[in-house]
Structure formats: C-alpha cells, structure tokens
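> What follows is the residue order along each chain.
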Amino acid sequence: MAGDLSFEKPLIELEEKIKELQTYTKEKDIDFTDEIARLEEKMNRLAKEIYGNLTAWQRVQIARHPERPTTLDYIQHLFTDFIELHGDRLFSDDAAIVGGIAKFRGIPVTVIGHQKGKDTRDNIARNFGMPHPEGYRKALRLMQQADKFGRPIVTFINTQGAYPGKTAEERGQSEAIARNLREMASFQVPIICIVTGEGGSGGALAIGVGNRVYALEYSYYSVIAPESAAAILWRDASQAERAAESLKINAPDLFDLGVIDQVIPEPMGGAHKNKQQVMEEVGRVIASALNELQSLSGEELVIDRYEKFKRMGQFSSMVEVP
Amino acid sequence: MFKDIFYRKRKYATIPSEKVKKEVPEGLMVKCKQCGTISYTKELEKNLKVCTGCNYHFAMSAQERVQATLDDDHFFEYDTDLKSTNPLKFPEYEEKLAGDMEKTGLQEAVVTGEGTIEGHPVVMGVMDARFRMGSMGSVVGEKITRAIEMAEKKDYPFILFSASGGARMQEGVLSLMQMAKTSAALARFHEKRGLFISILTNPTTGGVSASFASLGDINIAEPGALIGFAGRRVIEQTIRQELPRDFQTAEFLLEHGQLDLVVHRKDMKKTLATILDIHLVRRDH
Numbered sequence: 000m001a002g003d004l005s006f007e008k009p010l011i012e013l014e015e016k017i018k019e020l021q022t023y024t025k026e027k028d029i030d031f032t033d034e035i036a037r038l039e040e041k042m043n044r045l046a047k048e049i050y051g052n053l054t055a056w057q058r059v060q061i062a063r064h065p066e067r068p069t070t071l072d073y074i075q076h077l078f079t080d081f082i083e084l085h086g087d088r089l090f091s092d093d094a095a096i097v098g099g100i101a102k103f104r105g106i107p108v109t110v111i112g113h114q115k116g117k118d119t120r121d122n123i124a125r126n127f128g129m130p131h132p133e134g135y136r137k138a139l140r141l142m143q144q145a146d147k148f149g150r151p152i153v154t155f156i157n158t159q160g161a162y163p164g165k166t167a168e169e170r171g172q173s174e175a176i177a178r179n180l181r182e183m184a185s186f187q188v189p190i191i192c193i194v195t196g197e198g199g200s201g202g203a204l205a206i207g208v209g210n211r212v213y214a215l216e217y218s219y220y221s222v223i224a225p226e227s228a229a230a231i232l233w234r235d236a237s238q239a240e241r242a243a244e245s246l247k248i249n250a251p252d253l254f255d256l257g258v259i260d261q262v263i264p265e266p267m268g269g270a271h272k273n274k275q276q277v278m279e280e281v282g283r284v285i286a287s288a289l290n291e292l293q294s295l296s297g298e299e300l301v302i303d304r305y306e307k308f309k310r311m312g313q314f315s316s317m318v319e320v321p
Numbered sequence: 000m001f002k003d004i005f006y007r008k009r010k011y012a013t014i015p016s017e018k019v020k021k022e023v024p025e026g027l028m029v030k031c032k033q034c035g036t037i038s039y040t041k042e043l044e045k046n047l048k049v050c051t052g053c054n055y056h057f058a059m060s061a062q063e064r065v066q067a068t069l070d071d072d073h074f075f076e077y078d079t080d081l082k083s084t085n086p087l088k089f090p091e092y093e094e095k096l097a098g099d100m101e102k103t104g105l106q107e108a109v110v111t112g113e114g115t116i117e118g119h120p121v122v123m124g125v126m127d128a129r130f131r132m133g134s135m136g137s138v139v140g141e142k143i144t145r146a147i148e149m150a151e152k153k154d155y156p157f158i159l160f161s162a163s164g165g166a167r168m169q170e171g172v173l174s175l176m177q178m179a180k181t182s183a184a185l186a187r188f189h190e191k192r193g194l195f196i197s198i199l200t201n202p203t204t205g206g207v208s209a210s211f212a213s214l215g216d217i218n219i220a221e222p223g224a225l226i227g228f229a230g231r232r233v234i235e236q237t238i239r240q241e242l243p244r245d246f247q248t249a250e251f252l253l254e255h256g257q258l259d260l261v262v263h264r265k266d267m268k269k270t271l272a273t274i275l276d277i278h279l280v281r282r283d284h
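Chains Y and G supply the protein sequences, listed in that same order. Going by numbering that gives the first Met the number 0, the letters in the first sequence line up with residues 0 to 321, in that order. Going by numbering that gives the first Met the number 0, the letters in the second sequence line up with residues 0 to 284, in that order.
In case anyone wonders, no lab produced these hints; they're calculated from the structure. Quick caveat: nothing in here was measured; it's all calculated off a predicted structure. Fair warning: there could be bad hints in the mix.
Unchecked claim - The calculated DMTMM-like cross-link candidates involving lysine to aspartate or glutamate, where the alpha carbons are at most 25 angstroms apart (straight line), are:
| hint | chain 1 | residue 1 | chain 2 | residue 2 |
| --- | --- | --- | --- | --- |
| 1 | G | K191 | Y | D303 |
| 2 | G | K95 | Y | E226 |
| 3 | G | K88 | Y | E15 |
| 4 | G | K265 | G | D80 |
| 5 | G | K102 | G | E148 |
Claimed, not checked - Listed below are several chain Y residues computed to face chain G (Cβ distance under 7 angstroms; list not exhaustive):
| hint | residue |
| --- | --- |
| 6 | S5 |
| 7 | P163 |
| 8 | G164 |
| 9 | K165 |
| 10 | Q172 |
| 11 | E174 |
| 12 | L204 |
| 13 | S221 |
| 14 | L246 |
| 15 | K247 |
| 16 | D303 |
| 17 | Y305 |
| 18 | F308 |
| 19 | Q313 |
| 20 | M317 |
To be verified - Derived list of chain Y stretches under chain G, where covered just means 3 residues or more per stretch with a C-beta under 8 angstroms from a C-beta of chain G:
| hint | region |
| --- | --- |
| 21 | 226 to 236 |
| 22 | 253 to 262 |
Note that CB positions come from ideal geometry on N, CA and C, so glycine has one too.
Whole structure, please, built from the sequences with the hints as guidance.
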C-alpha cells in the first residue's frame, strides 16, 4: 500500500534545490547565502501551508508512512532492559505483535505493540503488522503476566487491521480479539495505550482497552479502512478521500468524540521527520499517565477503565438515567 | 482468460407473468433461497421459519424470536427510549435510520428485556438484521451493556441472539468502541459468575463476532449461519485463492473448535432451558 504523498512534492523539490545551492557554495566557492536563506524561508512558509491544511486522507498517508517509527523504535528509545518474550503457547509466535518486559524510567512494565516491517523482507516476516489470532493470544499471555506481577502495561497500536486470512478465521480471529477486550477490562494494573500510526478497527482495539488512550497527531483510528468504507458505501474504493473525511478518524476528531484522552503533537510533516522529538513527547505522556494512575488501587483501575468506555457513544434518551 | 469472454455463462432471471402475479397475492408464499421449495408463508411461520425441504433457517425478526423463545410471549422490554443520533453528521444516515424504523417497527437493531424460558428468568437481547444489517452503533452497544448490567444486578442469566454485519460504519470509531464497552460489561458479569449464553444466527460477523457474540460461556449457532471476522471477498482478495463453499458456516466453525454446538431452531428453546436448568445450582466456593 504505497502511500500517495504527492502533496509533499513541492516541498521536496525546494529542499533539493537548497541542497544543490549549498553544494555549489562549498565546491565552487560562490556565495549563495542570500538565495539559500530566501528559499529556506519560502520552504518554511510552504511547509506550514501544506501541513497546516492537510485533508483527512493526506493525514492517513502520513500515518502509513514507511519511515514512521515502529513499536520497536519506541521500545528502544524509551525503555531500558527490554527482553522480548515470544509465543502464545498454543500455536506459534506471531511477529506482527511484539512484546516483553522492560523498565520505563526505572519502573518495571510490560510493553506490547503491533510491529510493521522496516523493509520488504521484514514486512513479509511480520505480515505487514497484521496479526493472526496467535498474536493477540501472545499479547493476552503477556498482559496476564503483567497483571500477576503488578506491572503497568504500555501498548503501541499501529496496524491496518487484524489479518483477514483463511487460517486466521479457522483459528478464531474473532474469539481472540473478543477475549482480549474482555480480559483487558479486568486487569488490576494501569494500562496505557498509544495509537502511533494506523488504528485499524478491531485488530487495533484488541490491545487498546486502556485507562488512558492517546493518539499521535497524524495517526488515525477507525472502525473500517477508508478504502473499504468507500467500496461498501459508494461501491467505489477510489472515494476513499471522501470516506476518510466522513468517518472522522484523525487524532483531533478522536479527541472531540471522547475516544482518546490527548493528542500527542508531532513534528511538522510527521513523526519520521524528527524521531527524537516524537520520542520525547511520547515519553513525557507515558510518564505523566503512569504518575496519575499510580495512586489508584487495582479495583479502582478496573472501575476507571469501565467508566471510561461506558461513556463512549452518543444517543438521545427521553429518560435521564441516574 | 479469453475463453471466459466467449463462454461467459448467461444468467437468466425468471420474471413472473402478469397472470401469476395476479393469482398469488404478495407475501402469501415464500421460496427457499437454498433449495427452491415454495411454502405458504403461514406454514413457514408455524415451522419457525425453517424450510421444510432443506432445513434452511430463514431470518427471524426480533419480535418473532422473542415469541419463539420466551414463555407465553411475556417480554418486559428495556430502554425503549434510546434513539440513535448522527454524531459524525454522516451523509444520509438519518434517512436510513428512519427508513429502517418504518420497515421493521423497531427503534434500533437490538431489543433487550426480560422474560422466562420454561420458567427460568433471563435477561435477553435479540438483534434484528433487517435494521441497518443488525449493525452495532452507540445505541446497540449501550442497550446490550445495560442489559448485561441488569442481568448482573438481578443475578439472571444473560442470553443474546446475534444477527449483525458488525460495527456500524456511520457512527465510525464510536461504533468500534462499543465492542470494548460491551466486552467490559461482560467482564464484570463474568467476575460475578453470571451465565452468558451467546447464540450466533445468520449473519454474525465483524465487530459483533469479535466482541460479545464470541464471549459466551456457551456459544451456540443456528445451522448454516454465516459467522466470521472478515468478509469472504476480502479474504479471497487477500490470500488470492478461492475459499471452500462451507467456509465461515456454523458447521465449519464447529469443526474448527470455535463453537460449542449447532442447534436446530426447533430445538433451541429446549436446549436453552436444559442449560439454564443445569446452571440453576451454583455452589459457592
């Protein structure tokens, strides 16, 4: 699914031109400083204009960017002593979900997330970050372990969805997701979830029932992929832009709908433009969430999570329920 | 490839002649989709809408299901006041809701309430696939959640007949979150050792099969019901191969260990009563 990032093209062209001038300045000893400054200013203006007016669909393309940081990047930057733990003990080890134990600023935690590949080969091994039931069952096993030992759970959500395949169905994709939803509701430890890229429907939610749920600025979370929605609603997958708009799936929409607690700001143009900055932002959010949740007892955490999800949804009622 | 162009199968549709149209009043007879047997509508209803020729289970409305399951048709309905709004301002959503309300006589895709099954009190929910394909939006999620909470409060078993295409697109991510909400309610009910019997009828797919419908202590399906997470076409496109004919049927799932049992509609009430009876005595730890 190569993203259409053509809206960035004018920026990239400017960037190249500036580089060219810089090389000239060095090699030929001609002073282009003024020209470069002028172009840089123009580039900044253009960047602000482009990134400040992105459509819903363009934001989805950034969420899918191949260079976007993955779960293992976040683990590497934000956690220490990470030990990856494998397998669901039932069938196999699903590389589309990674997880293990680690420390976050000295606090022992269990960390789990969808894992997309870094290149084609890695992507094939990781099934493009689309888990089978065994992936969700591995996640469940690790979360149960965290619950047993009283460790907070941190999850990173980034998947187009649970894998829609024959064997996935045979082994109970539905049941695996459903069970995680129920079990996550009952763990007596803090659960913090961060949508870092694609929040693809039930396959995303299956590790997303947290006390706190955050989303990076350009990430999305949706009941269905915009392409699929367009195919169903208007029998035309090319209407994905319209569907993305109508479905209200971007991080700011999610905040307005009460689905997430906070939008985590990204560098202009997306997380891949400045990974260090994103890591700092995400680290800050995890730290403050852990701090907030620390004072709650196990039972209070369960109630907190219940009430959080119970509030989600909008309807009209003639009778006020106390 | 080329062969396909030249030997494309022609498809014929039978158009009833004007004479036949006049002689058979609309709705008097029904033709079975599976075997073609034609039955009188009244006879079919008497047979719980199961084809006498091939046992094909026709879709049941929520009202019919309640009648076929609860004693003496006594049903105390909950939350009749809940109505869907259009939180995303999704194009054409309100019109579609209004149309389905008129067509079905229902407020939403699920009815919930309480009654008895051979004397056993239960809280029961029934989804109706005629209403927005039984899809789950905020109201469906809320009604099911409240029904589970009520079952917990009253210490009654909870029974739910699913019939749903999944989460409702027009309410976007709010529909998705109903999966978590209903499952969280079941988590509480589970902790309190409440009995949940989930009955999956045709179709139970997507976000509904991937939440409450799969979380029964006992999961039952009706024969031939389509049950699955992803749609058949999506899977075929993904794996680039044709799927077996019986893929994602109740029988297929049973064979793969994903269901407890498949029960014919005529035996459903009796089976539920037996299960309820066995769970009547609960020894406290």
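> Would you mind marking each hint as holding or not holding in the structure?
Hints, verified against the model:
no., hint, verdict
1, G:K191 to Y:D303, "holds, 18 angstroms"
2, G:K95 to Y:E226, "holds, 22 angstroms"
3, G:K88 to Y:E15, "violated, 42 angstroms"
4, G:K265 to G:D80, "violated, 33 angstroms"
5, G:K102 to G:E148, "violated, 30 angstroms"
6, S5, "violated, 26 angstroms"
7, P163, "holds, 3 angstroms"
8, G164, "holds, 5 angstroms"
9, K165, "holds, 6 angstroms"
10, Q172, "holds, 4 angstroms"
11, E174, "holds, 4 angstroms"
12, L204, "holds, 6 angstroms"
13, S221, "holds, 6 angstroms"
14, L246, "holds, 5 angstroms"
15, K247, "holds, 5 angstroms"
16, D303, "violated, 11 angstroms"
17, Y305, "holds, 5 angstroms"
18, F308, "holds, 5 angstroms"
19, Q313, "holds, 4 angstroms"
20, M317, "holds, 4 angstroms"
21, 226 to 236, "holds (count 4)"
22, 253 to 262, "holds (count 3)"
This entry does not satisfy hints 3, 4, 5, 6 and 16, going by the numbered hints stated previously.
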